[in-house]
Amino acid sequence: DAKTTQPTSMDCAEGRAANLPCNHSTISGNEYVYWYRQIHSQGPQYIIHGLKNNETNEMASLIITEDRKSSTLILPHATLRDTAVYYCIVRVRGGSQGNLIFGKGTKLSVKP
Amino acid sequence: EAQVTQNPRYLITVTGKKLTVTCSQNMNHEYMSWYRQDPGLGLRQIYYSMNVEVTDKGDVPEGYKVSRKEKRNFPLILESPSPNQTSLYFCASMTEGGSPLHFGNGTRLTVT
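Line by line, the protein sequences give chains F and R. To convert a position in the first sequence, counted from 1, into my numbering, add 64. To convert a position in the second sequence, counted from 1, into my numbering, add 566.
Mixed in with the good hints there might be a few duds.
Now the in silico label distances, taken between C-beta atoms and shown as ranges [to be verified]:
#1 R/Asn594 - F/Pro71: 33 to 41 Å
#2 F/Lys116 - R/Ser665: 13 to 21 Å
#3 F/Ala81 - R/Thr581: 20 to 28 Å
#4 R/Asp604 - F/Ser73: 13 to 21 Å
#5 R/Asp604 - F/Thr69: 19 to 27 Å
#6 R/Asp625 - F/Thr69: 17 to 25 Å
#7 R/Glu567 - F/Asn121: 16 to 24 Å
#8 F/Ser73 - R/Pro574: 31 to 39 Å
If you're looking for bench data, these hints aren't it; they were derived computationally from the structure. Glycine included, every Cβ here is placed at the ideal spot set by N, Cα and C.
Isolated chain F, as found in the complex (with noise of 0.2 Å):
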């Protein structure tokens, strides 16, 4: 599976947009991105994924350039709530799924 880089923090004002950005220039064309979130110590939480078009839920908006190299994780209203670290991992879907690596995400930090 593709690497991933993430920056390690951010901060964002409570309410504002969050955009999270990560760069998977080495990703192959079956490889989805996948977004998850972990909230202090508690269980990682998926949050959504994608291929190449656009993705949103009622979580979040996942936006993938057109070249596949690099996307964005966008939480439009942001809460303190959403104050974690947030993964990106890009994987094959429906492929070999051994070694899933999460790297060291994206501490976000929501001030008010």
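We have chain F; now place chain R onto it with these hints.
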């Protein structure tokens, strides 16, 4: 309710005393995995299992054993725990088709 259940949530033990951390999922998932999380190192995979009686090493398997005798259970065994195995452990599962990972709530292990 669909969930991954780990027990215990907290465990304090002494060096060399064998222990088992249990993990059970009620979603009929084929794939199960164990991760450990340490400050500054992110989530690292210990072992994973693609199905019953099929297990394989992740990034940091030394000092750990697993078994997958039934689809729903994937226990993590520390035959002779050492202080460097003090960590936060997560079990996760997903379907073979590549659905998102579902995580348990974690087990905080301290080995003195």
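Hints versus structure:
no. : hint                            : result
1   : R/Asn594 - F/Pro71: 33 to 41 Å  : 38 Å, holds
2   : F/Lys116 - R/Ser665: 13 to 21 Å : 19 Å, holds
3   : F/Ala81 - R/Thr581: 20 to 28 Å  : 49 Å, violated
4   : R/Asp604 - F/Ser73: 13 to 21 Å  : 18 Å, holds
5   : R/Asp604 - F/Thr69: 19 to 27 Å  : 21 Å, holds
6   : R/Asp625 - F/Thr69: 17 to 25 Å  : 18 Å, holds
7   : R/Glu567 - F/Asn121: 16 to 24 Å : 20 Å, holds
8   : F/Ser73 - R/Pro574: 31 to 39 Å  : 32 Å, holds
Consistency note: the structure conflicts with earlier hint 3 alone.
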